[in-house]
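Peer 1: If you read the protein sequences in the order shown, they are chains H and E.
The opening position of the first sequence corresponds to residue 1 in my numbering, with each subsequent residue numbered one higher.
The opening position of the second sequence corresponds to residue 157 in my numbering, with each subsequent residue numbered one higher.
It is possible that some hints are incorrect.
[What the hints assert, rightly or not] Calculated lysine-lysine pairs in the BS3-like style (CA-CA distance at most 27 Å, straight line): (1) Lys136(H) with Lys318(E); (2) Lys151(H) with Lys318(E); (3) Lys442(E) with Lys413(E); (4) Lys151(H) with Lys349(E); (5) Lys62(H) with Lys85(H); (6) Lys350(E) with Lys136(H); (7) Lys442(E) with Lys130(H); (8) Lys106(H) with Lys85(H); (9) Lys386(E) with Lys403(E); (10) Lys151(H) with Lys350(E); (11) Lys130(H) with Lys100(H); (12) Lys350(E) with Lys130(H); (13) Lys350(E) with Lys106(H); (14) Lys100(H) with Lys349(E); (15) Lys386(E) with Lys350(E); (16) Lys62(H) with Lys100(H); (17) Lys350(E) with Lys310(E); (18) Lys318(E) with Lys106(H); (19) Lys349(E) with Lys386(E); (20) Lys349(E) with Lys106(H); (21) Lys50(H) with Lys92(H); (22) Lys349(E) with Lys130(H); (23) Lys350(E) with Lys100(H); (24) Lys436(E) with Lys310(E); (25) Lys362(E) with Lys136(H); (26) Lys8(H) with Lys85(H); (27) Lys349(E) with Lys136(H).
These are computed hints drawn from the structure, not numbers from a lab.
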Amino acid sequence: MEGILVRKIKDGTVIDHIPAGMAFTVLRILGLVRSPESRLAVIVNTDSGKYGSKDIIKIENKYIEGDLLNKIALIAPHATINIIKDYEIVEKYRVDLPDKIENVVKCSNPVCITNSEREAVTPSFEVVSKEPVRLKCTYCGRYTEFEDIIKQFTEK
Amino acid sequence: MSWKGRDVINILDFSREDLDLLFQLANRYADEDYRGNDLENRMAALLFLEPSTRTMYSFMSAVYRLGGKPITLSKTEASSIAKGETFGDTIRMFDSYSDVIIVRDRREGAAKYAADIAESPVINGGDGAHNHPTQAMIDLFTITRYRGSVDGLKVGVLGDLKYGRAAASFILGLTIYDPDTIYLISPESLRLKKEVRDYLDRVGVKYFETEDLTDILPELDVLYVTRIQKERFPDPLEYERVRGSYKIDLSILSNAKDDLMVMHPLPRVDEISTDVDNSKYQYYFKQAHNGVYLRMALLKLIMGD
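Chain E with its partners taken away, still in its complex shape (with noise of 0.2 Å):
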């Protein structure tokens, strides 16, 4: 299918063969480092109605590095929302902005229904505890990068998998290829949503849970950290006995494989200690670097000549 003007909501819209272009031209910027001016004259609308760093400036970056100019509302405050305008109105306003809608919002379906009322296409920058598409290309992207597939790996995912976005669109993108196992990793509170793990059912990749980390680390090839956020929890002793047991360091990776990735979506608070930021296993900062070079590639595409 072709990528001109179409919307990103979901991971799951996407076709192994459409993430291969997309990875394609993100690969070839990351060699060049690539700034050009394919989208002169095109703007971009960040809509940021819930707080954002890594994905909204790694956006504008991104529009800036291809020539392109973008038209940000990063705060509800001081704008036409914070009088009442609804989000409908909003985005048909920023409709007839841009070209191209790149939208956050806390309430979970915002982004389709964004995509519903636009023209221009419309790309999730997060919904809630639902979707973040861009996030899962950038995770694929990396591991497509450094270990050249992500078929026959087995990947841990590790931390909040109930109401993380970023480890719910990553799992579901992995059934986009050919994992060999996805382990899951979570205290039994933050388990998988059961709509997610109907959906691994359905399509049958193999998938294993767990809470404990430490018998399956030795045959992990990429493990995908992710924050337990402390207000989750009813009971705070529960919130310190979990995050204790989920905390990666270089003494607990000494029973990891050599070339095993750690990645994070990031932000980290103290999941992964600072010890493993110059190790091997670091992949985390440059999944962050990545985003910038595939959010590039995922703009051409969609709105390149």
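Bound-form chain H, shown alone (with noise of 0.2 Å):
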């Protein structure tokens, strides 16, 4: 189905089983929004054995790694990540939401010091539930749920 929509890259990376409807939630996330550079394809609402539907993103020449990935299963728990090399895939897994994550989300209190204007605190959550994601702040307590976080990456 999506060979007919979109071709297969050469080298890049393809993030494969987004919840469908998440893809530009994602790319917001990892940065992708706006990005001169990156040549990419977003394919929304595909078929999906397991889960339905999904989306695909597809980013030509650009290896997305590490903690950055790590991140996007805060939205897309089930996502998998493929490595493309020269039309191969040569290597794939699942995204693993680390047991602690800073700088990505926002505390969802108003009144905790990391939403504090000009000062330098950065925003840190234990993770304390991956699927549905929930949050628990390191400064004030407070959790962040999987709708905050969502609002947070739709309201930019």
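Since each chain comes alone in its own frame, lean on the hints to assemble the complex.
Peer 2: This is the structure in structure tokens:
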């Protein structure tokens, strides 16, 4: 199906099994929205055997790795990463949210010190639950829930 | 874990053994009404960026009683903060002026942030609706001093459990011990925050949430009363309704155990009637008085030789 819509990439990263409708949010987390140097394809609402329908992102000539990719597990816990070299999948793995996460999400508590303008404090969270994701702020102790995270990335 | 140089941010950072050591010293100070020169030539910065009476002055008294010197910044006006200095910079400055920083700020997590920055130990004097660890230490110390232990007690916590930092810290502090049951008594809208409730579930402490004090009062060994703030209610009628139902007076206490301890972190408005003040149930003034000895012990353990 996707073959008809978008051709295979020669080198780059394919992020598969993104929940349907979440692809653009994933791009925001990865900082790839309005990124002039990246050439990418987004496939929305395609068939997925396991999950009904899904989104797929193909990023050409770019290998995204490590912590950054794990951050997309915040909203796409079943996403898989395929590293493509010369049209072949050379590496494939599932994203895994780390136990602690820094600097991606804002604390949902408006009176948390991490939401103070001009204070050089990095938001940091303990991951209390991975699916649905629930984060606990290291500073104020309040939860930031999946819905809060989605809101943050879609309101930007 | 050694007390020396330690930050005091959250009551849960402390073990039962830590608190035993602290209470042992606080008991000694209380018994002797101690004064000394233990902290001679030491300076304590008291940064109270939100109003405080008891916490600030009892810390000041504690510093003086141990021969140390307090440096205070109690209002944001007339200070560099009013001129736009960040909290972080203020902490850095006071870090270089003093040997310990005691800080209160309305922003939740502010004390932890201060501890990230400062080399000197930081004591949380209250951060918004989040933590008030030294108040919890005073509360636990008061129970221990008069009852020997928190273990096996039935403890009721009444009032605003959602926004009240003293109540939340006290409840968390109880879990360091082995109380029989914690009764959480509040109107529906002021129930304990989910984060705190989840913690109680995780550590497996027995607790019970209710809106009604009457049925459980005869069971209680300790009744910890907190203020319900009117501004928390969207509907003033709702406030009037719950306010009346949580007012403690001698006639209500006629159903209580003879040795019930009525506690309150203070200030009280009208949630405990003054007719309780001279009764056997009154422990809230003792609790406030113990605050000085407990804070002395804390400063001594953190800063002393």
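Peer 1: Quickly compare the C-alpha distance for lysine 350(E) and lysine 310(E) to 27 Å and report which way the hint goes.
Peer 2: This hinted pair holds, its Cα atoms lying about 22 Å apart.
Peer 1: With a cut-off of 27 Å on the C-alpha distance, tell me whether lysine 62(H) and lysine 100(H) pass.
Peer 2: With a Cα-Cα distance of about 26 Å, the restraint between lysine 62(H) and lysine 100(H) holds, given a limit of 27 Å.
Peer 1: Verify the proposed pairing of lysine 50(H) with lysine 92(H), using a straight-line Cα cut of 27 Å.
Peer 2: Since the Cα atoms of lysine 50(H) and lysine 92(H) sit roughly 17 Å apart, the hinted pair holds (cutoff 27 Å).
Peer 1: Quickly compare the C-alpha distance for lysine 442(E) and lysine 413(E) to 27 Å and report which way the hint goes.
Peer 2: Cα-Cα ~19 Å, so holds.
Peer 1: Does the structure keep lysine 349(E) and lysine 136(H) at a Cα separation of 27 Å or less?
Peer 2: Roughly 13 Å between the alpha carbons, so the hint for lysine 349(E) and lysine 136(H) holds.
Peer 1: Quick one, are lysine 442(E) and lysine 130(H) close enough, alpha carbons at most 27 Å?
Peer 2: With a Cα-Cα distance of about 46 Å, the restraint between lysine 442(E) and lysine 130(H) is violated, given a limit of 27 Å.
Peer 1: What's the verdict on lysine 386(E) and lysine 350(E), does the C-alpha distance respect the 27 Å limit or exceed it?
Peer 2: Status holds; Cα separation ~22 Å.
Peer 1: Between the alpha carbons of lysine 436(E) and lysine 310(E), is the straight-line distance 27 Å or under?
Peer 2: Roughly 18 Å between the alpha carbons, so the hint for lysine 436(E) and lysine 310(E) holds.
Peer 1: Taking only the CA atoms, is the gap from lysine 350(E) to lysine 136(H) under or equal to 27 Å?
Peer 2: holds, 11 Å
Peer 1: Does lysine 318(E) pair with lysine 106(H) here, judged by a C-alpha cut-off of 27 Å?
Peer 2: Since the Cα atoms of lysine 318(E) and lysine 106(H) sit roughly 22 Å apart, the hinted pair holds (cutoff 27 Å).
Peer 1: Starting from lysine 350(E), check that the Cα of lysine 130(H) is at most 27 Å away, please.
Peer 2: Answer holds: lysine 350(E) to lysine 130(H) is near 18 Å, not above 27 Å.
Peer 1: Checking one constraint from the list: CA of lysine 349(E) to CA of lysine 106(H), max 27 Å. Satisfied?
Peer 2: holds, 20 Å
Comparing the model with each numbered hint stated earlier shows that hints 7, 8 do not hold.
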